[in-house]
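Asker: Based on the sequences and whatever the hints tell you, model everything.
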Amino acid sequence: MSYVEKAFYKFIKNIFTSGFRVLFSKRYIFYTIAFFLISVTSTIFYLIANQLTGTETYYTGMVLAADILIFIELSVAVTYIVFGIFFVKYPIKYWIGPALITAAGGTVLLYFLPLISPFVTAIGYFGWILVSIFLTFSVQRNFWGNKVLGSIMFLGKQANEGTIIFSLVAFILSILNAAMGGYLLYYSIFVDRQIFLLVSACFVIVAAILTNIIIFVLGKRDDVFYTILAFFYVFSSFTLWKLTIYTATGNEPSDNIGSIITAVFLIFYTVSRYAIKVKRIEKGIETEIILIEEELPKRKRKKNREITETEEEKPWFLLKIPRFMTPLGVLMAVMGLILSYHVTFLQLITDNDIFYDVFGEVFDKNGLVYFKDKMAVIIIPVMMIFFIINYQYSKRFVNYASPELFRYEFLPPFDELIERIDRIKRGEDSWKIYANMVLKEGVKFGVKSAATKVFISPSKKVAGAIGGAYTKTKSGIGKVFRRKKKEEVLEENEEEI
Numbered sequence: 000m001s002y003v004e005k006a007f008y009k010f011i012k013n014i015f016t017s018g019f020r021v022l023f024s025k026r027y028i029f030y031t032i033a034f035f036l037i038s039v040t041s042t043i044f045y046l047i048a049n050q051l052t053g054t055e056t057y058y059t060g061m062v063l064a065a066d067i068l069i070f071i072e073l074s075v076a077v078t079y080i081v082f083g084i085f086f087v088k089y090p091i092k093y094w095i096g097p098a099l100i101t102a103a104g105g106t107v108l109l110y111f112l113p114l115i116s117p118f119v120t121a122i123g124y125f126g127w128i129l130v131s132i133f134l135t136f137s138v139q140r141n142f143w144g145n146k147v148l149g150s151i152m153f154l155g156k157q158a159n160e161g162t163i164i165f166s167l168v169a170f171i172l173s174i175l176n177a178a179m180g181g182y183l184l185y186y187s188i189f190v191d192r193q194i195f196l197l198v199s200a201c202f203v204i205v206a207a208i209l210t211n212i213i214i215f216v217l218g219k220r221d222d223v224f225y226t227i228l229a230f231f232y233v234f235s236s237f238t239l240w241k242l243t244i245y246t247a248t249g250n251e252p253s254d255n256i257g258s259i260i261t262a263v264f265l266i267f268y269t270v271s272r273y274a275i276k277v278k279r280i281e282k283g284i285e286t287e288i289i290l291i292e293e294e295l296p297k298r299k300r301k302k303n304r305e306i307t308e309t310e311e312e313k314p315w316f317l318l319k320i321p322r323f324m325t326p327l328g329v330l331m332a333v334m335g336l337i338l339s340y341h342v343t344f345l346q347l348i349t350d351n352d353i354f355y356d357v358f359g360e361v362f363d364k365n366g367l368v369y370f371k372d373k374m375a376v377i378i379i380p381v382m383m384i385f386f387i388i389n390y391q392y393s394k395r396f397v398n399y400a401s402p403e404l405f406r407y408e409f410l411p412p413f414d415e416l417i418e419r420i421d422r423i424k425r426g427e428d429s430w431k432i433y434a435n436m437v438l439k440e441g442v443k444f445g446v447k448s449a450a451t452k453v454f455i456s457p458s459k460k461v462a463g464a465i466g467g468a469y470t471k472t473k474s475g476i477g478k479v480f481r482r483k484k485k486e487e488v489l490e491e492n493e494e495e496i
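Take 0 as the starting number for the sequence shown in numbering that gives the first Met the number 0 and just add one per residue.
Hints listed in this document are in silico derivations from the structure and should not be mistaken for laboratory results.
Pairs of lysine to any residue residues, derived as SDA-like cross-links and limited to a Cα-Cα distance of at most 20 Å, are as follows:
{"#": "1", "residue 1": "Lys241", "residue 2": "Glu251"}
{"#": "2", "residue 1": "Lys12", "residue 2": "Ser24"}
{"#": "3", "residue 1": "Lys241", "residue 2": "Cys201"}
{"#": "4", "residue 1": "Lys371", "residue 2": "Val381"}
{"#": "5", "residue 1": "Lys241", "residue 2": "Val198"}
{"#": "6", "residue 1": "Lys88", "residue 2": "Thr101"}
{"#": "7", "residue 1": "Lys241", "residue 2": "Pro252"}
{"#": "8", "residue 1": "Lys9", "residue 2": "Ser271"}
{"#": "9", "residue 1": "Lys9", "residue 2": "Arg20"}
{"#": "10", "residue 1": "Lys219", "residue 2": "Phe405"}
{"#": "11", "residue 1": "Lys25", "residue 2": "Ala98"}
{"#": "12", "residue 1": "Lys88", "residue 2": "Leu327"}
{"#": "13", "residue 1": "Lys219", "residue 2": "Gly155"}
{"#": "14", "residue 1": "Lys371", "residue 2": "Leu134"}
{"#": "15", "residue 1": "Lys313", "residue 2": "Val397"}
{"#": "16", "residue 1": "Lys156", "residue 2": "Phe405"}
{"#": "17", "residue 1": "Lys9", "residue 2": "Val147"}
{"#": "18", "residue 1": "Lys319", "residue 2": "Gly126"}
{"#": "19", "residue 1": "Lys241", "residue 2": "Ile260"}
{"#": "20", "residue 1": "Lys319", "residue 2": "Ser393"}
{"#": "21", "residue 1": "Lys219", "residue 2": "Leu167"}
{"#": "22", "residue 1": "Lys319", "residue 2": "Met382"}
{"#": "23", "residue 1": "Lys9", "residue 2": "Asn145"}
{"#": "24", "residue 1": "Lys12", "residue 2": "Thr261"}
{"#": "25", "residue 1": "Lys371", "residue 2": "Asn250"}
{"#": "26", "residue 1": "Lys371", "residue 2": "Phe195"}
{"#": "27", "residue 1": "Lys219", "residue 2": "Ala158"}
{"#": "28", "residue 1": "Lys5", "residue 2": "Ile151"}
{"#": "29", "residue 1": "Lys146", "residue 2": "Lys156"}
{"#": "30", "residue 1": "Lys12", "residue 2": "Phe23"}
{"#": "31", "residue 1": "Lys241", "residue 2": "Asn365"}
{"#": "32", "residue 1": "Lys241", "residue 2": "Leu129"}
Answerer: Structure below.
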C-alpha cells in the first residue's frame, strides 16, 4: 500500500483498537457492558414483539417486555447524560448509588407516564445529531492535523502553495450539492410550498458557495485548517443527499443501519482519544490524573491549571467541556445520547410510533427525521462560519484547528521528482548518485547544526537537535537538487554547442 493508504488505514485501525481498549478497560467496562446489553436486548425484544400478532399470553408478555425495555433504555440514557455531565468528576462512591436509583426511578416514571417518553426521545435524538456534527469536525481535524498522519498527507507540500489538499474533490462535490440545493429550492417553490424546505435549500447553496471561497480564496492563508474545514463539509453532505433522494422519490424520510454504524464508530472515536490516559491510570503511572479527577477540590484544580498552563496552551473554550466532564463523563454523555437516538431508530424500522400520539401529524416518526435532516443542512454552513470566525479571532482555536506539521518542504517539486525518476528508469542517471548526494549534504548540515545547538544550549538538546537537523537538512538537500539541476543545464548547453 502507498503511504496515503497506510496512513488512512492506520487512522481507522487506531480508532477501533484504542477505542476497544478503553471501552473494555477496568475503569469503563461496567458502563460499556450496560450500554450494549440494554441497546441489544431492547432491539431484539422490540423486533420480535413487532412481528407477533394475536392475544395469547406469549404475545402480551413479549410486548410488555419490549415496552419496559424501551423505558429502561430511555431512563438509562437520561442517567448517563446527567451524571456524565455533572457528577462523574467526583469519586465513584459518591454518585454510583444515586445513578442506579435515578435509572430505576426514571423507568417507573416513564412506565406510568408514557407520554413523557416522546419528549425525552426527541431531545436526545436532536442532541445526538448536534454532537455528531461537532464530532465529524473533530474526526477531520484529528486526521488531517495529526502530527504523523497529517504530515504524510502534506508531505512535500509548500505552505504558501495556495491550495488545500484534494481541492478538486471538494470543488466537484460542492457543485453537485449546489445542484441539489437548486432542486430543493425549485421543489419548495413550485411543487410543495414548504417554508422550512425553502430555507434549508438556501443554506445548502450558501454552504456550497462557502466551500468554493475556502478552495479559491481562504485556502491560500492556511491550507491545513481549510482542508479540515472543506472535508468537514464533504463528510457532512450525506444528510443532504438523503434529503434530496427521498424528496425527489416521494418516499417517507427515514434513517438506516448506516446511521447506527456511524454512531458506533463515533463512540469508538470519542473514547480512543483517551486511550493513553486510561492506560497510564491503570498502570499507576499517571496518578496526577486520578488526583485531578477524583480528589482535588475544584479551586485547587483551577489553580493548578493556571500554574501549569500558559495562555497559549489553554484549550479552546469548547474543548474545556470534555475536560470539565472528564473522559468517563464524555463517554457516558455520548452513550446516553446514542441510546435515545436508538429508541427513535427502533420506531423507524418497525410499525410503532411513540411520537404520533403526542406530537400528532407534525411530528410522527417520519416527520421527526424530516425535521432533523433539514435542521442538519442548516447547521452545517452555520458551523462552517462559526469555525472561520473562531479562526480569525481565537488563537486557542488556531492552535487546535491548525497544528504545525512536518511538511518536509525541501523535497523537490513533484514534476521535477517525476522527471528524475524517469531519467533513472531510462538508465540516464543512477539513483545512487542522488542518494549519495542527499545523504552526504543533508546529514553533513544536519549533524553540524544538531551538534552546535547541543553544545550551545544543553537544556534544549532534543529540540535543538531535531530543529537544527530538520532546517539544515532541508537547506542541504535543496542545495543538492539546485546544484544537480544547474549541472544538468550546463551539460545540455554543452551538448547543444
